[in-house]
Amino acid sequence: MSSPSDANGDLLIILRHAPHGSSWLREGLDAALVAAAFGKSVSLLFQGDGIMALIPGQGAGALGQKGTAATLDMLAMYDIESLYVDASALDRFGMTPDDLQLPALPVDDATISRLIAVHRLILTF
Amino acid sequence: MSSPSDANGDLLIILRHAPHGSSWLREGLDAALVAAAFGKSVSLLFQGDGIMALIPGQGAGALGQKGTAATLDMLAMYDIESLYVDASALDRFGMTPDDLQLPALPVDDATISRLIAVHRLILTF
Amino acid sequence: MRYGLLVQGAPYSSQASHSALRFARALIARGHRLESVFFYHDGVYNAARLAAPPQDEPHLIDAWNGLNAEHGTQLQVCIAAALRRGLLDELESARHGKRGHAVESPFELTGLGQLIDLGHEVDRLVTFAP
Amino acid sequence: MRYGLLVQGAPYSSQASHSALRFARALIARGHRLESVFFYHDGVYNAARLAAPPQDEPHLIDAWNGLNAEHGTQLQVCIAAALRRGLLDELESARHGKRGHAVESPFELTGLGQLIDLGHEVDRLVTFAP
Amino acid sequence: MILHILNRSPGTSLVYRDTLSAMGPEDRLLLTEDGVLGALTSQVRHFQAVQGRLFALREDLVARGLIGRCDETVQVVDVDGFVTLTEEADKTVSWF
Amino acid sequence: MILHILNRSPGTSLVYRDTLSAMGPEDRLLLTEDGVLGALTSQVRHFQAVQGRLFALREDLVARGLIGRCDETVQVVDVDGFVTLTEEADKTVSWF
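Going line by line, the protein sequences match chains A, B, C, D, E and F. In terms of the numbering used here, the first sequence opens at residue 1 and continues consecutively. In terms of the numbering used here, the second sequence opens at residue 126 and continues consecutively. In terms of the numbering used here, the third sequence opens at residue 251 and continues consecutively. In terms of the numbering used here, the fourth sequence opens at residue 381 and continues consecutively. In terms of the numbering used here, the fifth sequence opens at residue 511 and continues consecutively. In terms of the numbering used here, the sixth sequence opens at residue 607 and continues consecutively.
Hints in this document: simulated from the structure, not taken from any laboratory. Incorrect hints may have been included.
[As the list claims (entries may be wrong)] Pairs of lysine-lysine residues, derived as DSBU-like cross-links and limited to a Cα-Cα distance of at most 35 Å, are as follows: (1) D:Lys478 with A:Lys66; (2) B:Lys165 with F:Lys697; (3) B:Lys191 with B:Lys165; (4) E:Lys601 with A:Lys66; (5) F:Lys697 with A:Lys40; (6) D:Lys478 with C:Lys348; (7) F:Lys697 with A:Lys66; (8) B:Lys165 with E:Lys601; (9) B:Lys191 with E:Lys601; (10) A:Lys40 with A:Lys66; (11) C:Lys348 with B:Lys191.
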């Protein structure tokens, strides 16, 4: 995992929505995979309810619609290894990095604003 | 304006969304007008950001799309006279009933739950 | 008991349609009757006949059609909300001088009055919103 | 400067499309170039060719078409988001064995890669979401 | 008794505040969809006013991997239980 | 300088909290659509951290009848001013 100061990347995708309740998270992850497939360096920031994407043990939704757990497993395959998680959201939900299914670096507010500054393009979902 | 205890009505419509930003408010008011036209007794409760529907001086939106001010003027024509406004939302926005373009009765939490209890059907928008 | 559902969320964008279908099947399995599903706000997009979701995802339009075929549940779509959003049936398409249509039976375009009637006819009306 | 817009809100349900069009006209009036509008999430519903809003309301699809006709702005619609939601063009409709289509030129169904390209090609990409 | 249904997370949306304002002393609250985030031990304090009358939908907790993190004061029901709650209620009110 | 654009009311949505977390010391915040409710004198305290860098879109205030209720610490810009803000910024981030 790269530290934020290295992350002079092409694209930062901010994921603020929880899985299943809406398609925001899935559509944000799709954008990340496509950008990586196009050769861009992509970082992900899980913020607010979006940290729920990283909870292990997720399954299919109502009627069996696909969740996002399988997509998360594909991130490494696409060389998306810069994963950040909003430390204050973790705190608010009473969680620690050990509760997450992927290694994501907890970041404070100053680091979040720096991540936004050093990436060329920011998309929020 | 009837007091809440008289309001043993057919339909209570709760309007929680501000004008212009989404179509919720307009679609909720449309449902109210249709119900009244069908002979139902209709009450409206403006709650949360929905109290912004009652601010005077509203105009057309971006690109000139119609606002809801004209629809509000039609309420009396359709005999929808039971208008309630969440007192805590008024407080939160620093407003009083005098700030509103229609006479709506401020109601506290206990009265809101009673309104819900005495109406046959509740729709939220 | 007699139930009605009000669906206000677009399919695939929010869980509302999925939750409503899951609830519909459960109430029918318990011996209740589902009279009608009324689609309003972005819920009208559930009636888009051309929807082509990936094969490993649930096909919501087919699922609604199945409710109608197996249990006689009406599928009522608010006409005012639908026209704005491009969901015209053959009649409305002709009326607006357009070619083609986006909504077909058993979904039916109807007035908001049907929602009010439904709400007062059934024992329980449950709303599923985005 | 060269601009791109990302529109994620359904027309008529949220202000996103209205705000995007207002911003588009303002930036063009100031002498900038609007290369493309990319429609994703519920924004793809902006491409529904059958939309028939009341005559006293703005016709958003016509407004998008006008941007294309007058300023050459591309109107790109995410194909994966569109197919799920029933927004097929003639080609996709045939491919899925359906009759009729819901999307037509100048709106074009395209991959999400076009959004990534757009975001890196233009000087400013501005998102309008619901 | 009225059944209130809330599908928004208290981490994002303040609609839970209006929901609680509108609940009578016998009313019940069912958390569904993203609303089940409110059933987590770290969030359930938002719903202290309706303790004992707070429910969460099992299927939505399971899909999110949260079934083991649901606070013990919350009554977990499956979709059949959801139907039962609507049977027992005079009517339902949905908050979103 | 980065331009952040927020279209949600602090009366309903907590997204403003994430927006403020993400803003650097020179960044600007533009309130649009329902976001302009945050520019009211009764609400503007939520944005105290970015005082002097807080803007609201005139057209959206006017459509809502709120132009006269906008706090004097908020800089009101029209849509041309919105374009100017995007010209002056290195990039934009939308929050919703």
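Comparing the hints with the structure gives:
1. A distance of roughly 25 Å separates the Cα atoms of Lys478 of chain D and Lys66 of chain A; the hinted pair therefore holds under the 35 Å criterion.
2. Between Lys165 of chain B and Lys697 of chain F the CA atoms are separated by roughly 52 Å; this puts the pair beyond 35 Å, and the hint is violated.
3. The suggested pairing of Lys191 of chain B with Lys165 of chain B holds, with an alpha-carbon distance near 26 Å, which does not exceed 35 Å.
4. Distance restraint check for Lys601 of chain E and Lys66 of chain A: the Cα-Cα separation of roughly 32 Å lies within the 35 Å cut-off, and the hinted pair is therefore satisfied.
5. Note on Lys697 of chain F and Lys40 of chain A: the hinted pairing holds, with a Cα-Cα distance of about 18 Å set against a maximum of 35 Å.
6. Using a Cα cut-off of 35 Å, the hinted pair Lys478 of chain D and Lys348 of chain C holds, with the two alpha carbons roughly 18 Å apart.
7. For a cut-off of 35 Å, the pair hint linking Lys697 of chain F to Lys66 of chain A stands: about 34 Å separates their Cα positions.
8. At roughly 18 Å between alpha-carbon atoms, Lys165 of chain B and Lys601 of chain E fall within 35 Å of each other, so this suggested pair holds.
9. A hinted pair counts as satisfied when its Cα atoms are at most 35 Å apart, and Lys191 of chain B with Lys601 of chain E qualifies at roughly 34 Å.
10. At roughly 26 Å between alpha-carbon atoms, Lys40 of chain A and Lys66 of chain A fall within 35 Å of each other, so this suggested pair holds.
11. Note on Lys348 of chain C and Lys191 of chain B: the hinted pairing holds, with a Cα-Cα distance of about 25 Å set against a maximum of 35 Å.
Checked against the numbered hints above, the structure breaks only hint 2 and satisfies the rest.
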